[in-house]
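A.B. asks: Sequence:
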Amino acid sequence: MRHAVADSKLLLFVAAAAATTRQSDSIHIAAAELKERVKDAYIVKLRGGVKSSSFLAESNLLTGSAQKMQHTYDHGRFQGFAGKLTLDEVERLRQDGRVEAVEPQKILYTAEQKGVPASWGLTRVSQRTLDLNEPYRYPKTAGEGIDVWVVDTGIQANHTDFGGRAVFAANFIQDEEAADLNGHGTHVAGTIASKTYGVAKKANVFGIKVLGGHGGGTTADVIAGIQYLVKNARIGLSIVNMSLGGSRSDMLDAAVAVAVDAGLPFIVAAGNDRGDACNNSPAGAVNAFAVAATDDDDMQAIFSSTGPCVRLYAPGVMITSLWKGKNGATMTISGTSMAAPHVAGIAALYLSTGTYDSVDALYNALENAATPNIVRGVTNGTPNKLAYNGN
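Take the sequence shown: its letters are residues -26 to -1, 1 to 365, numbered as in mature numbering (1 follows the signal peptide of the UniProt record, and there is no 0).
Be aware that one or more of the hints could be misleading.
No more than 20 Å apart at the CA atoms, straight line, and that leaves these computed lysine to aspartate or glutamate pairs for DMTMM-like [as the list claims (entries may be wrong)]: (1) Lys58 - Glu32; (2) Lys25 - Glu77; (3) Lys42 - Glu77; (4) Lys25 - Asp70; (5) Lys205 - Asp227; (6) Lys114 - Glu74; (7) Lys169 - Glu108; (8) Lys58 - Asp105; (9) Lys58 - Glu77; (10) Lys300 - Glu151; (11) Lys42 - Glu63; (12) Lys169 - Asp227; (13) Lys42 - Glu32; (14) Lys13 - Glu77; (15) Lys25 - Glu74; (16) Lys58 - Asp70; (17) Lys42 - Asp14; (18) Lys58 - Glu118; (19) Lys58 - Glu74; (20) Lys25 - Asp105; (21) Lys42 - Asp62.
Don't read these hints as lab results, they were simulated from the structure.
With these hints in hand, go ahead and build the complete structure from the sequences.
C.D. replies: In structure tokens form, the structure reads like this:
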């Protein structure tokens, strides 16, 4: 099924995690495991006020050894260079008052966040107080028999970690194949229901593709996807996750209202603009359940939209889940896009263990079970409630 009408743009709510470095107060050669070091290669950082160009021009350290220079750093307060150095040259640099630090070059590895378990978000939503050394706890039903509809970039349904419980249901992007060409939808679905990274490990996930491989789409396509949901979802046994959004759209909000009135709970991302989620759609829709993001220290995520339209917080920083491509592929990313599926998964757990006579009853259960007053740095009048799966 395809549908294409130009309309206002929607975007994925994924945030890039900002890396930070800690500056040393004294000159030292930072220790590193030998297996992580590049032989005889170092990075030199100069003290404030010292320019790389002038230091290198005045120093005879690398005279006649241009082949030893790899990079010159001259961006703002980070002044320095990288290159091949002997131990004698390293010692001379350490004694130079203009040098702040000398560090061995290290080999970097992909997306392994040491010290933060890949499943930290799962652990956090199954405990009242922060202890990421604890395992994830969940009911035996694990969302069995519940359908979660992921309105997104599609999902890679044949990913082995879904265990045959994933279906690519519909495609509303013209001129794109029925596949997740982006990865975002697969990541979201993995957080909801995959065997390794999922909150509801026995739930079914259905992908509705309303965003293209570039991560964008139109409200017209999203509304068509919502219409498909109303016609095909099992009312009372289905949950909708929408980790997408854009500026306020009365049309989109109205479509969400129709679906919720039909009995479909909508769990949505609050947004990543640090502003008021009420100004976003579908986060600002009266009938939607908007979720803001926290990090692994229970701090409000720096990128998260907030405000009175948010119902809950959930983990959304450095979340590992499934990805498109070869089987077994994973990715670690951040955003309120990652927070919402934690709550969608919890909603699936609730539906698999109890009966709710309305969408509002399920929403109330999610809010009433949440851990109160645990999130730090809360802004903009956001309710201080952290998602909890009841175990």
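A.B. asks: All hints are to be evaluated individually against the structure, with a verdict given for each.
C.D. replies: Hints, verified against the model:
no., hint, result
1, Lys58 - Glu32, "holds, 19 Å"
2, Lys25 - Glu77, "holds, 18 Å"
3, Lys42 - Glu77, "holds, 16 Å"
4, Lys25 - Asp70, "holds, 14 Å"
5, Lys205 - Asp227, "holds, 18 Å"
6, Lys114 - Glu74, "violated, 56 Å"
7, Lys169 - Glu108, "holds, 18 Å"
8, Lys58 - Asp105, "violated, 43 Å"
9, Lys58 - Glu77, "holds, 12 Å"
10, Lys300 - Glu151, "holds, 17 Å"
11, Lys42 - Glu63, "holds, 12 Å"
12, Lys169 - Asp227, "violated, 33 Å"
13, Lys42 - Glu32, "holds, 17 Å"
14, Lys13 - Glu77, "holds, 12 Å"
15, Lys25 - Glu74, "holds, 12 Å"
16, Lys58 - Asp70, "holds, 18 Å"
17, Lys42 - Asp14, "holds, 10 Å"
18, Lys58 - Glu118, "violated, 58 Å"
19, Lys58 - Glu74, "holds, 18 Å"
20, Lys25 - Asp105, "violated, 45 Å"
21, Lys42 - Asp62, "holds, 14 Å"
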